[in-house]
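Protein chains: 2
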Amino acid sequence: TIIAVLEDEAKRRKKLQGKKVMITAGPTREQIDPVRYFSNPSTGKMGFALARQAADMGAEVTLIAGPVSLETPPKVDRVDVVSAEDMYESAMKYYKEQDVIIKTAAVADYRPALTYNHKMKKKDEALGVEMERTVDILKELGSHKTGQFLVGFAAETQQIREYGREKMKNKNLDAIVINDVSEEGSGFGTDTNRVIWMSSLEEEVLPLLDKQELSREILHRISKELADV
Amino acid sequence: TIIAVLEDEAKRRKKLQGKKVMITAGPTREQIDPVRYFSNPSTGKMGFALARQAADMGAEVTLIAGPVSLETPPKVDRVDVVSAEDMYESAMKYYKEQDVIIKTAAVADYRPALTYNHKMKKKDEALGVEMERTVDILKELGSHKTGQFLVGFAAETQQIREYGREKMKNKNLDAIVINDVSEEGSGFGTDTNRVIWMSSLEEEVLPLLDKQELSREILHRISKELADV
Chain A
196 TIIAVLEDEA
206 KRRKKLQGKK
216 VMITAGPTRE
226 QIDPVRYFSN
236 PSTGKMGFAL
246 ARQAADMGAE
256 VTLIAGPVSL
266 ETPPKVDRVD
276 VVSAEDMYES
286 AMKYYKEQDV
296 IIKTAAVADY
306 RPALTYNHKM
316 KKKDEALGVE
326 MERTVDILKE
336 LGSHKTGQFL
346 VGFAAETQQI
356 REYGREKMKN
366 KNLDAIVIND
376 VSEEGSGFGT
386 DTNRVIWMSS
396 LEEEVLPLLD
406 KQELSREILH
416 RISKELADV
Chain B
196 TIIAVLEDEA
206 KRRKKLQGKK
216 VMITAGPTRE
226 QIDPVRYFSN
236 PSTGKMGFAL
246 ARQAADMGAE
256 VTLIAGPVSL
266 ETPPKVDRVD
276 VVSAEDMYES
286 AMKYYKEQDV
296 IIKTAAVADY
306 RPALTYNHKM
316 KKKDEALGVE
326 MERTVDILKE
336 LGSHKTGQFL
346 VGFAAETQQI
356 REYGREKMKN
366 KNLDAIVIND
376 VSEEGSGFGT
386 DTNRVIWMSS
396 LEEEVLPLLD
406 KQELSREILH
416 RISKELADV
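If you read the sequences in order, they're chains A and B. Going by this note's numbering, the first sequence opens with residue 196, and the numbers climb by one from there. Going by this note's numbering, the second sequence opens with residue 196, and the numbers climb by one from there.
Hints are not guaranteed to be accurate.
Cβ-Cβ distance ranges computed for the label pairs, FRET-style [unchecked claim]:
hint, chain 1, residue 1, chain 2, residue 2, range
1, A, E397, B, T267, 37 to 47 Å
2, A, V330, B, E398, 45 to 55 Å
3, B, T352, A, K318, 12 to 22 Å
4, A, M315, B, R356, 45 to 55 Å
5, A, K318, B, R356, 48 to 58 Å
6, B, K334, A, D228, 20 to 30 Å
7, B, T352, A, P402, 46 to 56 Å
8, A, L401, B, T310, 31 to 41 Å
9, A, M315, B, M315, 21 to 31 Å
10, B, A422, A, M315, 33 to 43 Å
Derived pair list, reagent style SDA-like, types lysine to any residue, alpha-carbon separation capped at 25 Å [to be verified]:
hint, chain 1, residue 1, chain 2, residue 2
11, A, K314, A, Q226
12, A, K291, A, D275
13, B, K316, A, Q353
14, A, K318, B, Q353
Note that these hints are calculated values from the structure, not bench results. In this text the structure is predicted, and so the values were computed from the model without any measurement. Even for Gly, the Cβ is constructed at its ideal location relative to N, Cα and C.
Could you build the full structure based on these sequences and the hints that come with them?
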């Protein structure tokens, strides 16, 4: 009957009712001086799509966003950050109370060892920039977690299953979404993704989906694994 | 009379009728590898506002844009570029036929000496990145120009008149718009600017204006100087 269908739909929609979900999204910027930085081409679309969908499914969503030009989805708490260090601090501030943590952010893995407060004056000669590693936020979350369901994203071009499985183990993740960026329609700035969902329970190749549909599929699988625990 | 007022307005609006105007806008990105780059926080707003206004005043506009998230204004020909080198090539391709060239782009002045086609694998240790100077597009345009009215932008925090005048001379500009970025409401990402207009004929401190109003003021002064020649 139609009533049953509507009830099903309503149940599906509220599958994350009462759950707290933290999502990191976008790139980070690592400043050399006030007008120069290192970054990467992440647009934040995947993380924002997940935040919108999670809120729609009833979750309380905290979205930690690097510098992106996207609007905050309805009913989502957004925390804006710039650098990997900022994002790390925000993530560590909010992770404890979460049920689910999804890391989609493309966090810079290197930053300039020195940051200048004033614009460097140009010189004619070459310039050596010493870079140092940033904190591995996902790994930190993996080693500190106290029951949170932790999901990572990986973009790989080869041996994607092996690298994905390895990353999941190294970083103590509960699931990983592996993006085959060598495939057309996947990767930075696209509206679609073709991914493999991998958890301790299952491994599943999903079809090419737009980021909103993919968010629904991912969150559906997360809510199922939460219920199974 | 009202008819006279309307005629005046129409005349003002078409002051750049038949003129070709090239504008560079936005930042450039200098890739280290496919997922890492150097850049700066330019949003392209000033250049896009100028392009919109110039087209509105009847000019044929070529807008050479770095990676920005802005829509192309009506009746503007847009050329998208990524790196300083791309922007240089496009600028040199189109400059000859122009009457006016306005450089608002925040072109990276350094780029990695080496670019990798594959994502660099992370290592635990520090990383030295060798940077080299990019071409000074504005200076190249200044030394090659054959009658084009060449306008530069400068962002300064101190001795702004002296630095502005010096830049105008060094780069063979016809005018320069000097942004006092130490003032509130001026600079990267803002919707307003407080500037000094400086040409061989005049020097004028303009009030705090939004970027669309400022574009009108700048283009009005350019069209006046073109007419005076």
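Here is what the structure says about each hint:
1. A:E397 - B:T267: 37 to 47 Å: Given range 37 to 47 Å: holds, Cβ gap about 45 Å.
2. A:V330 - B:E398: 45 to 55 Å: 50 Å, holds
3. B:T352 - A:K318: 12 to 22 Å: 19 Å, holds
4. A:M315 - B:R356: 45 to 55 Å: With Cβ atoms ~22 Å apart, the hint is violated.
5. A:K318 - B:R356: 48 to 58 Å: 24 Å, violated
6. B:K334 - A:D228: 20 to 30 Å: 22 Å, holds
7. B:T352 - A:P402: 46 to 56 Å: 53 Å, holds
8. A:L401 - B:T310: 31 to 41 Å: Holds - the Cβ-Cβ distance for A:L401 and B:T310, about 33 Å, lies within 31 to 41 Å.
9. A:M315 - B:M315: 21 to 31 Å: Holds - the Cβ-Cβ distance for A:M315 and B:M315, about 24 Å, lies within 21 to 31 Å.
10. B:A422 - A:M315: 33 to 43 Å: Since B:A422 and A:M315 have Cβ atoms about 41 Å apart, the given range 33 to 43 Å holds.
11. A:K314 - A:Q226: 11 Å, holds
12. A:K291 - A:D275: Within the cut-off at roughly 19 Å; holds.
13. B:K316 - A:Q353: 13 Å, holds
14. A:K318 - B:Q353: Given pair A:K318, B:Q353 holds - Cα atoms ~19 Å apart, limit 25 Å.
In summary, the structure is inconsistent with hints 4 and 5 from the numbered list given earlier, while agreeing with the others.
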